[in-house]
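For the sequence shown, the positions run 101 to 344 when this note's numbering is used.
Simulated from the structure, these hints should not be mistaken for laboratory data. Please note that the accuracy of each hint is not assured.
Stated by the list, open to error - Beta-carbon label-pair distances, calculated as ranges:
(1) E267 x E161: 23 to 33 Å
(2) Q337 x K241: 18 to 28 Å
(3) E309 x E187: 43 to 53 Å
(4) R332 x K170: 42 to 52 Å
The C-beta atom is built at its ideal place from N, Cα and C for all residues, glycine as well.
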Amino acid sequence: MTDELMSSPESSSVIVSLARLYLENKMFDQAIELCLSSLESSPESEELYLILYEAYMGKGETGKAREIVKKGLSHIPGSEKLKKLVEEKKEEVPAPPPPPPEEKVEEVPEKVAVEEVPPEKVEVEEGDPVLSVLKKFLSLKDIYGVLLVDESGLLISQASRKEFDYETTAALIASMYSEAKDALEKLELGGFESGIVELPRGKIFIFEEGGIILSVLAGKNVMLGLVLARARSILSQVKKILEG
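Model the full assembly from the supplied sequences, consistent with the hints where possible.
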């Protein structure tokens with residue numbers, strides 16, 4: 101069974117969880133982009149307005165923070181949390197004047213003999229079989245990165261075209277997987293095999309097998325069929341490598 105997470109009513113909790121994790125990791129721009137995009141289809145989501153307020157405040161954009169609260173109240177006039185934010189007025193405390201500059205006393209530095217320490221040699225692990233398998237995905241058009249994660253969010257391996265925060269992304273994906281799995285179990289819709297998370301500028305394809313989560317970060321036009329067969333093959337190969 102293939103579960104398109106962002107197309108179901110239960111996906112709102114996944115969106116909120118992802119936005120919250122962005123916020124907690126001070127990834128304010130990502131949280132703002134995700135919330136604004138999600139509000140287009142869910143304009144009455146109180147939680148999204150609250151996250152946007154915190155993200156704008158985190159960036160120091162108080163004007164935008166006030167505007168988003170007003171916009172939220174236009175859609176949810178009965179929201180007590182949003183009303184409270186409007187009523188709150190932070191008192192600005194003027195900064196104390198800087199102390200007068202102290203007289204600089206020129207000191208003649210004492211020459212100290214410094215022993216030169218040779219740089220430590222860093223051993224680079226070559227021939228990583230898991231990495232070699234993951235890199236096969238990058239040959240597909242508009243595939244930006246592949247992450248291999250366990251259910252706890254621990255990053256096992258990754259391959260990507262560009263640098264990004266692999267460990268934080270791994271934790272976010274593990275959280276989304278956990279949320280989706282719990283929702284499916286509560287609704288008695290079966291187990292989690294694969295899912296698609298729709299983002300404003302792309303997609304995350306998530307596949308799970310034996311406690312290992314394979315996530316494929318792709319462009320917006322990439323379809324499930326393009327990655328499904330290769331994902332299953334790669335998961336099978338990785339499982340054999342890790343068990344061996």
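Outcome for the supplied range 18 to 28 Å, where the beta carbon pair is Q337 and K241 | holds (22 Å)
Using the C-beta atoms of R332 and K170, is the stated range 42 to 52 Å upheld?
-> holds (48 Å)
Within 23 to 33 Å or not, the Cβ separation of E267 and E161?
-> holds (28 Å)
With respect to the beta-carbon atoms only, verify the hint that E309 and E187 lie 43 to 53 Å apart.
-> holds (51 Å)
Of the numbered hints stated above, none is contradicted by the structure.
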